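Enquirer: Sequence:
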Amino acid sequence: MSDPKVFSLTASEREPLAGAKEIGPAKSTEMVDVTIRLRRKDKKPVMSATEFTKPIHERTHLTRHQFEQQHGADPASIARIEAFANEHKLTVKEKSAARRTVILSGTVAAVSHAFGVQLKEYQYKNITYRGRTGTVQLPADLQDIVEGVFGLDNRPQAKPHFRRRPSKTSAQAETSLQYTPPEVAAIYNFPTNQDGTGQTIALIELGGGYTPTDLTNYWKQLKLTKTPAVSAVSIGNGSNKPTGDPNSADGEVLLDIEVCGSIAPGAKIVVYFAENTDAGFLNAITTAVHDSTNNPTIVSISWGGPESAWTQQAMTSMDEAFQSAAAMGVTVCIAAGDNGSTDGVDDGQYHVDFPSSSPNVLSCGGTKLVGSGNTITSETVWNELPNNEGATGGGFSTVFPLPAYQTAAGLPPGSYKLANAGRGVPDVAGNADPTTGYVTLTDGQQGVVGGTSAVAPLWAALLALINQNNNGKGAGFINPLLYQNTAGAPAETNDIKTGNNGLPTKPEFGALTGWDACTGIGSPIGTGVEAALNKPSAQGQVA
1 MSDPKVFSLT ASEREPLAGA KEIGPAKSTE MVDVTIRLRR KDKKPVMSAT
51 EFTKPIHERT HLTRHQFEQQ HGADPASIAR IEAFANEHKL TVKEKSAARR
101 TVILSGTVAA VSHAFGVQLK EYQYKNITYR GRTGTVQLPA DLQDIVEGVF
151 GLDNRPQAKP HFRRRPSKTS AQAETSLQYT PPEVAAIYNF PTNQDGTGQT
201 IALIELGGGY TPTDLTNYWK QLKLTKTPAV SAVSIGNGSN KPTGDPNSAD
251 GEVLLDIEVC GSIAPGAKIV VYFAENTDAG FLNAITTAVH DSTNNPTIVS
301 ISWGGPESAW TQQAMTSMDE AFQSAAAMGV TVCIAAGDNG STDGVDDGQY
351 HVDFPSSSPN VLSCGGTKLV GSGNTITSET VWNELPNNEG ATGGGFSTVF
401 PLPAYQTAAG LPPGSYKLAN AGRGVPDVAG NADPTTGYVT LTDGQQGVVG
451 GTSAVAPLWA ALLALINQNN NGKGAGFINP LLYQNTAGAP AETNDIKTGN
501 NGLPTKPEFG ALTGWDACTG IGSPIGTGVE AALNKPSAQG QVA
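In the numbering used here, the protein residues as written are 1 to 543.
Just so you know, these hints were derived from the structure itself, not from any lab.
These numbers were taken from a predicted model, which means no experiment stands behind them.
Ideal placement from N, C-alpha and C gives every residue a C-beta, glycine not left out.
Careful, some of the hints might be misleading.
[Stated by the list, open to error] Lysine-lysine pairs mimicking DSS-like chemistry, simulated, CA-CA at most 25 Å apart:
1. Lys241 - Lys125
2. Lys54 - Lys93
3. Lys226 - Lys93
4. Lys54 - Lys535
5. Lys5 - Lys54
6. Lys95 - Lys43
7. Lys41 - Lys95
8. Lys43 - Lys27
9. Lys89 - Lys27
[As the list claims (entries may be wrong)] Restraint ranges, calculated between C-beta atoms of paired labels, are given here:
10. Leu177 - Ser308: 33 to 41 Å
11. Ser415 - Thr197: 41 to 49 Å
12. Pro25 - Gly244: 42 to 50 Å
13. Gly472 - Pro536: 17 to 25 Å
The whole structure should be built from the sequences, with the hints applied where relevant.
Expert: As structure tokens, then:
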């Protein structure tokens, strides 16, 4: 018989990682930080859907202070969590009404009792993590205010989506290309009369780090006349910790900084470092979105994992954070993944990557770009799976329904013959194939890197240029404006019509005229994107 004094947070259910071996109970004295995500004090939409159909120069967004006052957590709810912490001998480490977040700290023994869980240690491949099974339990009188509980389980939650070009044979080397990020921007006809001045691009990183020396040398290598200001923000136990190994997460961090920084050198780049857990990822996003000191106008994320690897509470809380970003004029660009139509899940089924599958972000897929000067010679779907070198993610969500802006654009295409398809991934694309990759400098070593990790900061840089020309105002959520011309070959994108994102023996999606589940509506025509964002949408709805 269930205890009427407690309730199960059903969306919090966890299972061990497939193949993980239970070692034994977690150490009772180990300290644990637990993030509690609270519900909003109101139940109204954070922004009218019709606002997103307006051209960006006509939009009105909330300031961060206005958002906190209207849609933050109720101070009384925070006080109830503080009382809960005191009752269970937990310390209140951090609290934020804007982020709807309270972080509690205590021993394994204390948090296990407080949240009704048994924490155990698991061995998975070469890592050991603290985990739990089942759901989190909380006092019944907190049911109306708690949306999620994170951090009890500290398994690695996401992977970076970058691919370093492997060593090639002489024959393969002859067919390989490499570009600097500004060269890619020129091929894609990015605006040339802006440099991102006045804009702040937030980068979310879940490991690795950068050194100022690498950045200084890279800017000199590209002969930039202006260089971006780059700074780091530590979230929880995360920090800027370069490993010295360019194949580690350092490769992700430097790729993100160098792509957006060299294309929009007038912008300020703030790198938010957090631990690679669901709690760390969520806290990094909410910190960046609500950062009233640095005031980001764009967030770029190059990390993720299959939807099946996430709890529902994590996807709900992160998606709500992206809705909050939209209301404050912040555009979120996220890599769609580097493992094709299965997202690396070996069950013979389609899978898409989260958080790229959130309907409130710009999901960024990958292409193979061949250019000559400022002209595209050819552009196809990025797919090097036959060489075990990855392919663009893409497909349909099993969590989020098809949003109105995609329904109005005719998704899913009839040729895919899918019933009950959810949110389509990706929205847009850009150069991602390592064989036509980006020249980078990481831990003192020059290399060529690709992956959809390069595409998110590429689009982030483009938006920084566009925002600068929009009197410095953030564009916010742009998907409804981009999708309004998808029936044919829209003027704002290069429609990719060749290739697929699978193997002949595995599920795949093929390129189509218009939107497809490999490259979305296509790669950017920079000046065309700017024009599209200043054109009213005819759709009239967004969600």
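Enquirer: Okay, which hints does this one fail, numbers in order?
Expert: 2, 3, 5, 8, 12
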